[in-house]
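Colleague: Required output: the full structure, derived from the provided sequences and hints.
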Amino acid sequence: MAGKTLYDKLFDAHIVRQNDDGSALLYIDLQLLHEVTSPQAFEGLRLAGRKPWRVDANLATPDHNVPTTKRDGGVSAIVDPISRIQVQTLDDNCEDFGILEFKMNDHRQGIVHVVGPEQGATLPGATVVCGDSHTATHGAFGALAHGIGTSEVEHVLATQCLITRKMKNMLIKVEGDLGLGVTAKDLVLHIIGVLGTAGGTGYAIEFGGATMAKISMEGRMTICNMAIEAGARVGMVAVDQITIDYVEGRPFAPKGAQWDQAKAAWADLHSDVDAVFDTVVEINAAAIIPQVTWGTSPEMVVAVDAKVPNPANESDPVKVDGINRALVYMGLSADQLITDIKLDRVFIGSCTNSRIEDMRDAAKVAQGRKVAASIKEAIVVPGSGLVKAQAEAEGLDKIFVAAGFQWREPGCSMCLAMNPDKLEPGEHCASTSNRNFEGRQGNGGRTHLVSPAMAAAAAIKGTFVDVREMMEA
Amino acid sequence: MNKFIQHCGIVAPLDRANVDTDMIIPKQFLKSIKRSGFGVYLFDEIRYLDEGVADQDCSNRPLNDDFILNQPRYVQSSVLLARVNFGCGSSREHAPWALEDFGFKSVIAPSFADIFYNNCFKNGLLPVVLSEKIVEQLFSECAATEGYELKVDLERQVVVTPSGEEFAFEVEAFRKHCLINGLDDIDLTMQSVDDIKAYEAKRKGEAPWLFGAIKGN
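Protein chains in written order, with numbering that gives the first Met the number 0: chain R, 0 to 472; chain U, 0 to 216.
I should point out that these hints are in silico values taken from the structure, not numbers from a laboratory.
In this text, all values refer to a predicted model and were calculated from it rather than measured experimentally.
Among the hints, a few may not be true.
According to the in silico footprint, chain U covers these stretches of chain R (three or more CB under 8 Å from chain U) [to be verified]:
id : stretch
1  : 82-88
2  : 157-165
Label-pair distances were calculated between CB atoms; the ranges are [stated by the list, open to error]:
id : chain 1 : residue 1 : chain 2 : residue 2 : range
3  : R       : Gln17     : U       : Val52     : 42 to 52 Å
4  : U       : Asn1      : R       : Lys369    : 53 to 63 Å
5  : U       : Ser139    : R       : Gly21     : 29 to 39 Å
6  : R       : Gly443    : U       : Pro161    : 35 to 45 Å
7  : U       : Gly211    : R       : Gly425    : 49 to 59 Å
8  : R       : Asn309    : U       : Ser162    : 39 to 49 Å
9  : U       : Gln70     : R       : Lys341    : 34 to 44 Å
10 : R       : Ala212    : U       : Thr144    : 54 to 64 Å
The beta carbon of each residue, even a glycine, is placed where N, CA and C say it ideally should be.
Modeller: Quick look at the structure:
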């Protein structure tokens, strides 16, 4: 019998009941909650007279709506009344149902996908769900993690289970070292370009190979985070010493004898050597240079030294239509150089790139330089209060501010513009977030996805520039 | 949950690939804490010429006349015909809520994003996968005939054209059973309480660190 993949192991270990039709009842170890996709789930519980099955399997924090400017006034000072009600509703629901919440001005508050791992709530071998598609982030820990809809949030609250069915297995085998100035973000953007935005649909993706074994937890989280942009609900990396070192000592991580027991259990969290994948994709990381998205889907990505695609070079009519539509929306012309794209705003943050390494990468580029006068605003939004404190302890905030960046309070911010941070129609933004969809960062806004180092470099230059030039300088 | 057994209705053709859930329902409308009322904001950015605001009255907003749902022949539509990878991106269930609230009962496309597909079934909205070739044929027929209707028959798992041509589609038995009977997933799972408790006891023995570390308030 062939060996098991990491996904097989995780899935099989959580089956409460396997049904004849292929569906299964799967046990969920951790649910993360935020204010946007939970209110209707709590309301459903209330209407049915139900209680959470296990309060200790849930952790909540508001992130999407919270302002990133000074917020000493607390929830009642959120200017947008509808945002305020949503954040207040999360507070009220967590209070009513007894769920632990890091409230808006708690120093542990932040983006759920930053907070879960940094608190040690996200653990290897666990099943993790959240009403947010970027839940795949937690797969970086050898966990089975994916986004769910609000009905399923309610289902997990009520039963601690999900009705689901097994996905197919895909291995993305990454070999070769990433070059100087080329980051986990560039790697995952390149992978999305190769797979296409629907290439991973129906699959759980494991990112493996010698390169992944060298990438930090922050980098692995960036990569797994964007699995969904290739259509895959799940992205995963096997557990190794890097994982163990990251988890050890975190507030909710096991301690003492349980730590040893856990480490022993986690040693098996990798695909067996004879495991069979439905699809294997090989990637040569050494050939990748910094990436920039030019269009309105994450698959519309090219290297920084490339040109905007020309629809004349494409034969598939649906793709031609997509390219033409994106060119119009983005205000770009075919064959235009990526480095000729002028930027209006820069956003460094989001659940993809707001961890301490991301802050360091961007600060390294910003150090001793100035944001171009043509940039209206360049904001740096740490992923959590703890990331913010760490960055400040390292003096990164001062580097950013001296260079002309704004240093903000933690939250999702301009990734999806549910709070006041947004683009004006027609503005181009170099953004370290995960989606360049039409209107994502504000009605009519034009998003270009890049790494934190590339975003910082773009802020300095006012246009896209190969960050490696600034590193060698 | 609303039942879905079969439905016959006017088809609206949305001729673009990779329609994401940000497009189906933009972020500002996600601030609502309700499950209903999203229909007027469905496809807001391409449906109206101005920028939509949450809780806004849409009756006097300027319409984008080029958008299908603003064209008289499609205003009463209840079957959406779409292209590949429909519903990609964000997991927001507000997307099927908005489609359902507008009046759609079924979406037909060559492929759907996983989370969106799953969310539809929780809301009595039936996503139907047909081949690209068949979808192309339906786009042509729809363009050629005003008032073009399709019948989506879940019991028989077929889509029936006005000429009587039938196209079979797949749907998982459990999902079909739930939709046809309008069953609530939570009620069904609650019938397995003993299984869940037995699993949980075993899990607690194997991985005790996953229990009790996070203390509720």
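Colleague: Should the hint that Ala212 (chain R) and Thr144 (chain U) are 54 to 64 Å apart at their CB atoms be regarded as holding?
Modeller: holds (58 Å)
Colleague: Is 35 to 45 Å a correct range for the gap between the Cβ atoms of Gly443 (chain R) and Pro161 (chain U)?
Modeller: For Gly443 (chain R) and Pro161 (chain U) the Cβ distance comes to about 39 Å; the hint holds.
Colleague: Verify the CB-CB distance for Asn1 (chain U) and Lys369 (chain R) against the hinted window 53 to 63 Å.
Modeller: holds (58 Å)
Colleague: Check the following: the C-beta atoms of Gly211 (chain U) and Gly425 (chain R) are separated by a distance inside 49 to 59 Å.
Modeller: Check passed, 52 Å falls within 49 to 59 Å.
Colleague: Using the C-beta atoms of Ser139 (chain U) and Gly21 (chain R), is the stated range 29 to 39 Å upheld?
Modeller: Check passed, 35 Å falls within 29 to 39 Å.
Colleague: So the hint says 34 to 44 Å: do the beta-carbon atoms of Gln70 (chain U) and Lys341 (chain R) match that?
Modeller: holds (37 Å)
Colleague: Between the stretch 157-165 of chain R and chain U, are there enough contacts, at least three residues with CB-CB distance under 8 Å, for the coverage claim to hold?
Modeller: holds (count 6)
Colleague: Do the Cβ positions of Asn309 (chain R) and Ser162 (chain U) conform to the proposed distance bound of 39 to 49 Å?
Modeller: Between Asn309 (chain R) and Ser162 (chain U), where Cβ atoms are some 41 Å apart, the hint holds.
Colleague: Given as covered by chain U, does the stretch 82-88 of chain R meet the bar of three residues or more with CB within less than 8 Å?
Modeller: holds (count 4)
Colleague: Do the Cβ positions of Gln17 (chain R) and Val52 (chain U) conform to the proposed distance bound of 42 to 52 Å?
Modeller: Holds, at about 47 Å.
Violated hints: none; the structure is consistent with every hint.
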